[in-house]
Amino acid sequence: MFISREEKLVLKKHKHKQLLNMFRGVLTRVSGLKQGTLNVDVSAHFQDTGFSFDITVFTLRGDNTSLTIYDFWEVKQSQNLVDAYILAIKTGNFEKVKTVGRL
Numbered sequence: 002m003f004i005s006r007e008e009k010l011v012l013k014k015h016k017h018k019q020l021l022n023m024f025r026g027v028l029t030r031v032s033g034l035k036q037g038t039l040n041v042d043v044s045a046h047f048q049d050t051g052f053s054f055d056i057t058v059f060t061l062r063g064d065n066t067s068l069t070i071y072d073f074w075e076v077k078q079s080q081n082l083v084d085a086y087i088l089a090i091k092t093g094n095f096e097k098v099k100t101v102g103r104l
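Residue numbering for the sequence shown follows the numbering used here, starting at 2 and increasing by one per position.
In case anyone wonders, no lab produced these hints; they're calculated from the structure.
Please note that the accuracy of each hint is not assured.
To be verified - Distance windows between CB atoms, simulated: (1) T66 with R25: 18 to 28 angstroms; (2) T57 with Q19: 16 to 26 angstroms; (3) E96 with G26: 21 to 31 angstroms; (4) K77 with S44: 14 to 24 angstroms; (5) V11 with R62: 15 to 25 angstroms; (6) D42 with V76: 19 to 29 angstroms; (7) I4 with G93: 24 to 34 angstroms; (8) T66 with L28: 16 to 26 angstroms.
What the hints assert, rightly or not - Derived pair list, reagent style EDC-like, types lysine to aspartate or glutamate, alpha-carbon separation capped at 20 angstroms: (9) K13 with D72; (10) K18 with E75; (11) K18 with D84; (12) K14 with D49; (13) K16 with D55; (14) K18 with D64; (15) K14 with E75; (16) K91 with D49; (17) K18 with E8; (18) K91 with D55; (19) K18 with D55; (20) K9 with D84.
Every residue gets a Cβ at the ideal spot worked out from N, C-alpha and C, and that includes glycine.
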């Protein structure tokens with residue numbers, strides 16, 4: 002199947018819109034997680050080459066764990082990783098996220 006440059010551009014813009022919505026959703030979901038010994042930071046990065054966003058968890062001990070979502074990844078896989086990561090933040094168990102990230 003042949004995809005024209007215009008179609009590729011439309012698909013890329015649509016995917017960026019989906020990822021921006023995912024990023025906004027993450028901001029909303031983690032706003033209540035800054036409690037106890039955890040601090041959660043979410044940041045977005047816009048470059049000429051693409052868009053990405055990070056979710057980073059900091060502990061009082063100085064440890065940090067982060068997840069970066071890139072715009073060239075599949076949206077569904079990215080959403081699964083984000084969901085697993087936020088669950089890991091809530092439970093403190095990041096092993097499942099590491100497993101999902103290797104798939």
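Hints and how they fare:
Distance hint for T66 and R25: a CB-CB separation of about 22 angstroms, consistent with the stated range 18 to 28 angstroms. For T57 and Q19, the hinted distance range of 16 to 26 angstroms is satisfied, since their beta carbons lie about 22 angstroms from each other. Against the hinted window of 21 to 31 angstroms, the Cβ-Cβ separation of E96 and G26 comes to about 24 angstroms, which satisfies the hint. As the Cβ distance of K77 to S44 is approximately 23 angstroms, the hint placing it in 14 to 24 angstroms holds.
Distance hint check for V11 and R62: the Cβ-Cβ separation is about 47 angstroms, which falls outside the suggested range of 15 to 25 angstroms. Evaluation of the 19 to 29 angstroms hint for D42 and V76 yields a pass: the beta carbon distance comes to about 23 angstroms. Restraint check, I4 to G93: a C-beta distance of roughly 44 angstroms breaks the suggested window 24 to 34 angstroms. For the pair T66 and L28, the supplied restraint of 16 to 26 angstroms holds, since their beta-carbon distance comes to about 18 angstroms.
A C-alpha spacing of about 9 angstroms is found between K13 and D72, which places the hinted pair at or below 20 angstroms, so the restraint holds. About 13 angstroms separates the Cα atoms of K18 and E75, which keeps this hinted pair within 20 angstroms; it holds. The suggested pairing of K18 with D84 holds, with an alpha-carbon distance near 18 angstroms, which does not exceed 20 angstroms. Only pairs whose Cα atoms come within 20 angstroms are accepted, and K14 paired with D49 is accepted, the gap being roughly 13 angstroms.
For the suggested pair K16 and D55, the alpha carbons sit about 17 angstroms apart, so the restraint of at most 20 angstroms is met. A hinted pair counts as satisfied when its Cα atoms are at most 20 angstroms apart, and K18 with D64 does not qualify at roughly 32 angstroms. A hinted pair counts as satisfied when its Cα atoms are at most 20 angstroms apart, and K14 with E75 qualifies at roughly 14 angstroms. The suggested pairing of K91 with D49 is violated, with an alpha-carbon distance near 34 angstroms, which exceeds 20 angstroms.
At most 20 angstroms may separate the alpha-carbon atoms for a hinted pair to count; K18 and E8 meet this at roughly 15 angstroms. Taking the CA atoms of K91 and D55, the gap is about 17 angstroms. The hint holds against a cut of 20 angstroms. Proximity of K18 to D55 is assessed by CA-CA distance (about 17 angstroms); at most 20 angstroms being required, the pair is judged to hold. Annotation: proposed proximity of K9 to D84 is violated, straight-line Cα distance about 28 angstroms (limit 20 angstroms).
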